[in-house]
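K.L.:
Each chain, written out:
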Amino acid sequence: MSDKTILTVSASPHTKSSGTVTGIMLDVIISLIPAAFAGVAVFGIRAALVIAVCIISCVLFEFLSRKIMKRSSSIGDLSAVVTGLLLAFNLPVGIPIWMCVVGSFVAIVIAKQMFGGIGHNFANPAITARIVLLVSFASAMTGFTAPAKNTVDALTTATPLAHLSGIDLSGDISAQMDMLLADGDLPKFFNMLFGVRAGCIGEVCSVALILGAIYLILRGIISIAIPGSYIATVAVFMLISSGFNVTFTVYELLGGGLLLGAFFMATDYSTSPITMKGKIVFGIGCGILTSVIRLFGSLPEGVSYSILLMNIAVPLIEKATAPKYFGFIKKKKEKKAKEGAA
Amino acid sequence: MGKLSPDAILKAIGKGKGGVAVAHNKLTAEKETVRIPIPETVTLPMLQHIGAPCTPTVKKGDYVGVGQIVGDSDKYVSAPIHASVSGKVIAVQDVKLANGKMAPAVTIESDGEMKLFEGIEAPRVTNKAELVKAIRESGLVGLGGAGFPTHVKLNTPEDKDIDTLIINAAECEPYITVDYRECLENSWNIMGGVYTLQEILGFKRVIIAVEDNKPQAIKILKDIADSDIDHGNIVRLMTLKSRYPQGAEKMMVLSATGRKVPAGGLPSDVGCVVMNVASTAFVSRYLKTGKPLTSRSVTVSGNCIKDPMNVRVPIGMEFQQIIDFCGGFTEEPYKILSGGPMMGTAVTGTDVPLLKSNNAILAFSKNAARIKPERECIRCGRCHAACPMSLIPTQIEKFAALKDAEMLSKLGTSVCMECGSCAYSCPAGKPLVQHMRLAKEVMRQAGVK
Ligand code: SF4
Ligand code: SF4
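Chain order of the listed sequences is A and B.
If you're matching positions, the first sequence starts at 1 in my numbering and goes up one per residue.
If you're matching positions, the second sequence starts at 343 in my numbering and goes up one per residue.
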């Protein structure tokens, strides 16, 4: 009878959803694959090399740092693969390979594991690494090759954003846009969509990024709150500052790292708010910073800096946007109830 | 885009009312309830409800009839215990309950006759006070699992304007089908209960709530709601999209009336009384016959049970005997639950008696239990998104570890109803309900509300 069988006693619930951390990371990897292929198609086989080096060194650093810190191995959760992919996506194709390794070290060891690993780091690892590389090796990091030239010594060209930042916003914007387009400085809209433009490996192909984003949203991995509010805020800023020039705005949205940043990096669980309100505030904050940097700063691009700054603000945002729990009673009443009880 | 309502947007971004979509697994839904043969003995613990335990009123050697009181308490929040078989009291001693606690209990050896106690007669009930008194004497507690004494629920404070009765037929826990079968097999009594309660307690409206995955029950309940007795069109049926924990009292009140029960409050604070559908049917039967609560339906299911079914069982029958009646185990069980998979209790053995509030006995093998290795929290926010109370379990877990009772109170820890939606959703396999209980304990020890 009963004493024959040993039953397990544990807290409810006694059934669990099928989702796991590894499963989530796998979904993120799947969502990034189209953009990876696009990057290789646009920039040639070297892009694949950069991606591979970043992934391998990220996983290796994750493994080694956990080992040295005497913590349980965490490479099985695949988060290091995601970091590697995202880091590679944020690098220009011509970057020296050793810099990829340095970047991976910064991302995994400094930004992630030193703070305790997944869930504990406050700064997005891939973004931190990109910024460290950008500050340390500015020319290598901004030496963007024109697409379809598949060698290292291909001509470097300016990204669409760099051209856009040359526009005089107080002048006739449509005329300036038309000229940039006619000169071939700005790629055609079709090329913007499919990534035939200068830029980082993973950011160029808007269609691939949007496909991946839709996949993540449908799978329930990310909510549209952060990317939605982020992109919408940038769009509003660009529309207003360009006197409602739609072409300019669309090129601003697609021309830099905004889609990659908004959908895949600003949504990083560890470094973004948990609550819906918090996510929206976070997204709007990223949007404002990005717009301000692009419009008024000396840099053409501001996605990474914006996300990093907002990462730092997450605890503040979470405090300010703490959700009201069910049946929350205002303080006055609570006090009264306390007095009544006392 | 412009046409989207804020609500639709919230849904689109994945933040509706919380809760989770769990697999229903209602294996026993289409099987008629079977009456179990009279057991040789029953053990009746003195604590089968929320509130004060009873003290035995019989002693070893006494003869008792079915429905005779064997334990009672002079406390108001309590419900008497009645003999569920006729026969001789063979022991009055402490026994182990399904939740691992010990409680005094009366064990009766059945004489196989099921002779009704002579004193039983239908109560005369014309007003609220008589109804409350009668229901207390019936020993009725919430049959949906919580076990709260029904008379306390019905004795709503006079200073509050109670206008709505909600009949809960949602049955959102997986596997359990006793309420569903009650609707199908016992609709007349449900109807009787609904209209009696409405008449005596003067509710302005009655809302019968059922999940949309039970079309047959919906049809029957709709007939009740549309019945000719209902002159004022007071009784209405509400179908809910099936989602766990739809049947939780506070969620039910919100869906039915749009009112939010305040933290620390009861449905009566917002003018509602919520009754389980089987309890409602019992009220009607009891008022007709005067036969107290001595048996109940229970779902015996799970992948280890040979012949899953719903059985009508005398209260106090041993789990193992009930399982044996259902063909026993097909494979070694890994976990046996009293109650549903989301909120039920894992028992240490099957030598425990069935209580009034037990609506299911479930047995699962190791594979079916779907165990996840526990990992570090990745801050994915799924626990918060799933929490119907809008709590942030991962944050509460952290402050519980720090023993910060003030902060726990600020975060609303006490409104947690331990529904398990958070732990169900967590990809890191965190035992969040356990952490929530711990957090409440931290608050209790610090004396913080
Ligand atoms: S168990 Fe508590 S914290 Fe978890 S989802 Fe349910 S109410 Fe929320
Ligand atoms: S669901 Fe689990 S992993 Fe996700 S935030 Fe909550 S506790 Fe952390």
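Any given hint could turn out to be false.
Listed below are the simulated DSS-like cross-link pairs for lysine-lysine, each with C-alpha atoms no more than 27 Å apart in a straight line [what the hints assert, rightly or not]:
hint : chain 1 : residue 1 : chain 2 : residue 2
1    : A       : Lys319    : B       : Lys772
2    : B       : Lys782    : A       : Lys319
3    : B       : Lys772    : A       : Lys16
4    : B       : Lys430    : A       : Lys16
5    : B       : Lys740    : A       : Lys319
6    : A       : Lys16     : B       : Lys475
7    : B       : Lys772    : A       : Lys324
Rather than coming from a laboratory, the hints here were simulated on the basis of the structure.
K.L.:
Quickly compare the C-alpha distance for lysine 430 of chain B and lysine 16 of chain A to 27 Å and report which way the hint goes.
P.N.:
violated, 45 Å
K.L.:
Just to be careful, I want the Cα atoms of lysine 772 of chain B and lysine 16 of chain A compared with a cutoff of 27 Å; is the pair within it?
P.N.:
holds, 10 Å
K.L.:
Is it true that the CA of lysine 782 of chain B sits at most 27 Å from the CA of lysine 319 of chain A?
P.N.:
Status holds; Cα separation ~22 Å.
K.L.:
With the threshold set at 27 Å, check whether the alpha-carbon distance from lysine 740 of chain B to lysine 319 of chain A stays at or below it.
P.N.:
OK: lysine 740 of chain B and lysine 319 of chain A at ~15 Å, within 27 Å.
K.L.:
For the pair supplied as a hint, lysine 772 of chain B and lysine 324 of chain A, is the alpha-carbon distance within the 27 Å limit?
P.N.:
Judged against 27 Å, a Cα distance of about 23 Å means the pair holds.
K.L.:
Compare the distance between the alpha carbons of lysine 319 of chain A and lysine 772 of chain B with 27 Å, and conclude whether the hinted pair is satisfied.
P.N.:
Holds: lysine 319 of chain A and lysine 772 of chain B sit about 24 Å apart, inside 27 Å.
K.L.:
Please verify whether lysine 16 of chain A and lysine 475 of chain B have alpha carbons no more than 27 Å apart.
P.N.:
violated, 43 Å
Consistency note: the structure conflicts with the earlier hints numbered 4, 6.
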